[in-house]
Amino acid sequence: MSTSSELLREPAVSGRTSQHTPRASSPIRFTASGSEYFRIWIVNLVLVVLTLGLYAPWARVRKLRYFYGNTLVLGSPLDFHGRPWTMLRGYLLGGLLLLAYSGAGQISVGAATVSALLLAAVWPALARASLQFRLSNTSWRGLRFRFEGSTKDSYLAWLPLALPFVLFSVMQALGPHSDHPPAPGSYEEKQFFAVMGFAFLAVSLLFPWGHWSLKRYQLGHMRFGERRSEFLARVGHFYSLAMQTGALAVGCIVLVFAAVLILVFTIKFQKDELGMLGLLPIAAIYFAALVAFNAFGTVRLQNLVWSNTRLPGAIALRSELRVRSLVWLTARNILLMALTLGLYWPFAVVARARLRLQSITVDALIDVDDFTSSAQLASHDAAGDAVGELIGIDMGL
Amino acid sequence: MHDTAVVIEADYFDGMQARAQPVRLRVADGFLCMEGSVTKRLPLREVQWAERTRHGVRITVLPGGASLQCGRGGEWDAWVRASGVGESAVVRAQQSWRAVCVAMLAALALGAVAYACGMPWVARALAERMPPSVERQLGERVAAALVKERWFSPTALSEQKQESIRHAFEVIAQCDGCDPASSLQLRFHKSHIGPNALALPGGVVIVTDELVELLDSREDAIQAVLAHELGHVRLRHGLRTVAQSTLLAGGIGLVFGDFSSLMAAAPAMLGQLAYSREFEREADAYALELIRAHRLSAQSMVFALQRLQRSEHDDTQPAALSTHPATAERIHFFEEAAQLTGSPR
Numbered sequence: 001m002s003t004s005s006e007l008l009r010e011p012a013v014s015g016r017t018s019q020h021t022p023r024a025s026s027p028i029r030f031t032a033s034g035s036e037y038f039r040i041w042i043v044n045l046v047l048v049v050l051t052l053g054l055y056a057p058w059a060r061v062r063k064l065r066y067f068y069g070n071t072l073v074l075g076s077p078l079d080f081h082g083r084p085w086t087m088l089r090g091y092l093l094g095g096l097l098l099l100a101y102s103g104a105g106q107i108s109v110g111a112a113t114v115s116a117l118l119l120a121a122v123w124p125a126l127a128r129a130s131l132q133f134r135l136s137n138t139s140w141r142g143l144r145f146r147f148e149g150s151t152k153d154s155y156l157a158w159l160p161l162a163l164p165f166v167l168f169s170v171m172q173a174l175g176p177h178s179d180h181p182p183a184p185g186s187y188e189e190k191q192f193f194a195v196m197g198f199a200f201l202a203v204s205l206l207f208p209w210g211h212w213s214l215k216r217y218q219l220g221h222m223r224f225g226e227r228r229s230e231f232l233a234r235v236g237h238f239y240s241l242a243m244q245t246g247a248l249a250v251g252c253i254v255l256v257f258a259a260v261l262i263l264v265f266t267i268k269f270q271k272d273e274l275g276m277l278g279l280l281p282i283a284a285i286y287f288a289a290l291v292a293f294n295a296f297g298t299v300r301l302q303n304l305v306w307s308n309t310r311l312p313g314a315i316a317l318r319s320e321l322r323v324r325s326l327v328w329l330t331a332r333n334i335l336l337m338a339l340t341l342g343l344y345w346p347f348a349v350v351a352r353a354r355l356r357l358q359s360i361t362v363d364a365l366i367d368v369d370d371f372t373s374s375a376q377l378a379s380h381d382a383a384g385d386a387v388g389e390l391i392g393i394d395m396g397l
Numbered sequence: 001m002h003d004t005a006v007v008i009e010a011d012y013f014d015g016m017q018a019r020a021q022p023v024r025l026r027v028a029d030g031f032l033c034m035e036g037s038v039t040k041r042l043p044l045r046e047v048q049w050a051e052r053t054r055h056g057v058r059i060t061v062l063p064g065g066a067s068l069q070c071g072r073g074g075e076w077d078a079w080v081r082a083s084g085v086g087e088s089a090v091v092r093a094q095q096s097w098r099a100v101c102v103a104m105l106a107a108l109a110l111g112a113v114a115y116a117c118g119m120p121w122v123a124r125a126l127a128e129r130m131p132p133s134v135e136r137q138l139g140e141r142v143a144a145a146l147v148k149e150r151w152f153s154p155t156a157l158s159e160q161k162q163e164s165i166r167h168a169f170e171v172i173a174q175c176d177g178c179d180p181a182s183s184l185q186l187r188f189h190k191s192h193i194g195p196n197a198l199a200l201p202g203g204v205v206i207v208t209d210e211l212v213e214l215l216d217s218r219e220d221a222i223q224a225v226l227a228h229e230l231g232h233v234r235l236r237h238g239l240r241t242v243a244q245s246t247l248l249a250g251g252i253g254l255v256f257g258d259f260s261s262l263m264a265a266a267p268a269m270l271g272q273l274a275y276s277r278e279f280e281r282e283a284d285a286y287a288l289e290l291i292r293a294h295r296l297s298a299q300s301m302v303f304a305l306q307r308l309q310r311s312e313h314d315d316t317q318p319a320a321l322s323t324h325p326a327t328a329e330r331i332h333f334f335e336e337a338a339q340l341t342g343s344p345r
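Chains as they are written, first to last, in the working numbering: chain A, 1 to 397; chain B, 1 to 345.
To be clear, the hints were calculated from the coordinates, so they are not data collected in a lab. Since the model is a prediction, treat every value here as computed from it, not as a measurement. Do not take every clue at face value.
[To be verified] Mimicking DSSO-like on lysine-lysine, the simulated pairs with C-alpha atoms at most 27 Å apart in a straight line are:
| id | chain 1 | residue 1 | chain 2 | residue 2 |
| --- | --- | --- | --- | --- |
| 1 | B | Lys148 | B | Lys161 |
| 2 | B | Lys148 | A | Lys190 |
| 3 | B | Lys190 | B | Lys161 |
| 4 | A | Lys190 | B | Lys190 |
| 5 | A | Lys152 | A | Lys215 |
| 6 | B | Lys148 | B | Lys190 |
Isolated chain B (complex conformation):
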């Protein structure tokens, strides 16, 4: 060990009185030796050394509530090093700009991986393990809230029209290895949000009167839209949205600790919207599969999307602030698919 020990002066506080007692310190034979107004010999493993920083008073905690303080940080660090006391890798990393740069890149990479793969994966795993009854209850609550908030009012469609759309829905819902159509529920509502279709967790699909009108009751187009909504239902997008947004908010909270809520809300919202656009793409891909399985044409979806595009007043919203991918992009996706398979109808 270091017998020709270096000496440093520090203040000793005994934990009983606030008076500082000047002492001289040195490390020898595995002991911290104190001389001056207090004389002590403490085994090194009982000493809780101050971590090295550039700023701040070094406070070393001793057993029994006593402590040593040294305001001359640089001098203290040099003495500790000369005395052969080691420090943790974390402390070394904190004081090296090279390690800090590596940490910064690692943080960015980890964040990107967690956002792009980790959180969606966990959310899917959670959604798959959720009992269907919980999902159904969640869906019913959303449905009730939509009616209560007066987004929806009772439908004005004739019984006959409802019946024929319901039949078309049951046809398109059938596929190999899917849940039976009995777990699904199609509902019609007059709405204040214009032509739209919604899929709620648990299998409730809502179609607005305005959508049926917009598509001129063209059954194949309505079927295509319903296939997209079925994608949301069967890929459990409702539950996954809840899980992903919770994970995202938690993750951002972890990074910024006691963060300002305003500053944290913006990235959380942008991230959530990007997830939402991803789900729309997934549902479109699922719809295409269903359309093909039933030997329908992807042109039906192109028709529906073009009608929707025309009905929207402005499509000038920036992409990052939108819940759906641009309609033009979606039309392109289905047109390409239609060209690939030809028109089997």
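Isolated chain A, as found in the complex:
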């Protein structure tokens, strides 16, 4: 990893930002400790339980302020300014939506479809409000971030993912009615499966595009000071990542299958009644494959997304997280959590955040003191964005 002094000594080798010599360059530092977050977590958890969940926004603000205050970007921490009372309204709204959605699912297929479509119709607006809330309540060196994506753009960004979802819901409602199940092998049944198969294929093909358009919407509309962020990754990158992840998934499945076959045969030949114990190695292999697969997706996505996000002419990021590191950390975290019946959880969260954040290097192309926010923007910040501030939706995207 290159330190700032190295880069300053050798300006010619500063890589992608060859036109601009970074004024400063350093990896993000994360100074939180697991034991301290454990203390914060357990005390706030008791309060949340005692208040039947109503204290959750206060606990959330405390967690975010602790994590932000320990995330040092070029030596200065981030800060979170969300007000718990505002966030409580967002929590209540979210809870209500979730309750209505799951309740409708229990009543009838028709009600479930209608509520799913309604949720899909308001989702992009909620997601935008959430981004606005989170960013306009985040600051660095006293300056607030802002999110400038429009509602219309949010709907457009969600479209590739919404299409197959809507198709699925409608298909499920129009599909053969459960009162008269189609005879096995009948034309209706084949038709039904063909449509479902098509919908599944559509989701798989559209997913990388949808994922890319969402990330572009999220990361291409941030404002800091007088600059608007740029998201440089192209849709091809996301398709290539999806194909690699898919290939890995197939590899994992083959591996698990092979392991199962080998185990089944050895057990059979030994005529040994292993029972549940025989399943243990299979579960372990399945678990390992799942961890490796998840880590691969997370790491590649983080590197792709953050290395391609910048404030033009001011800040460039490089993410160099390695799959191996995340696999080991995840395995360790899961093992220790199982051994401590979940009490290790806060330590695991901190360790994971540290690994992920400290693998990002920040290059400043201008003097950090030169960031300014115009008076107009500052007053706008203070007033806050109507929707985001009113209900304080925080989906943690």
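Since chain A is already given, all that's left is putting chain B on it; use the hints.
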């Protein structure tokens, strides 16, 4: 107040530019006084103090979007304390291992109470307030799904046999203060899950052909099994299961916040299975009451359970991973009851 105020150096950010402006701070007469590149006097109640932690930069938010930052946490905390600014009980608790231990015990106790009493109580209250039409609709959906997923196919039992079992069902279903038997529905199905009986929300009870065969059409044994299923129906176990599993998943989500779904799924599943075993015990107790009320023998249930036990290929599943209590335990429960009342038949 503290007039001989202690002074500390910090960085002032005005909220308009990212430049840090070094200032000296002191608290005097209810005001925060700032000197250096910026000079200001702010009433203390307008200052949003940083919470004390061991790690991290202290950021104090001032009115109008300005802020003060101090990277030397220990020094800052000492200065705040010396200046007479108080802190909340929550912050003190977070920094004391003794309070943290108390919180840990409290969390475990609260979790245990919520799991053992709170959630079942709320679930029962919700189930009792649910209109019967919703319950019936839910039951019909499950029934339709079971047929659609080909768990069940049409019965092969003769009309005569169906009629006699139906009669036995109506007899056992009668009791003081129960819903009339007309709200119940007995259905027969050939199944791919072997001998079994199911109770769905709303009063649909399904008996498989295989169960009737297994019990050699011994009506009293079939009646005993049906009494158990009636327990599920009348104690509204279907709705309560839905409510309890939702509450359990929500509770676990609350504890672990943005949790890993994999890690949260395992405890949720184990907890749900324990609830399921509890419901089976409740239904057994209800069945025993019905059996006694109709002057039948608990031995009928013992017979049914023994036949079921023999038909199961392996009973080696660990207790924690099972939806039902061990069959041996259930047989023991009914045998004891039979000995207690003698055999009135």
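Flag every earlier hint the structure violates by its number, smallest first. Hints that this structure does not satisfy do not exist here, as all of them hold.
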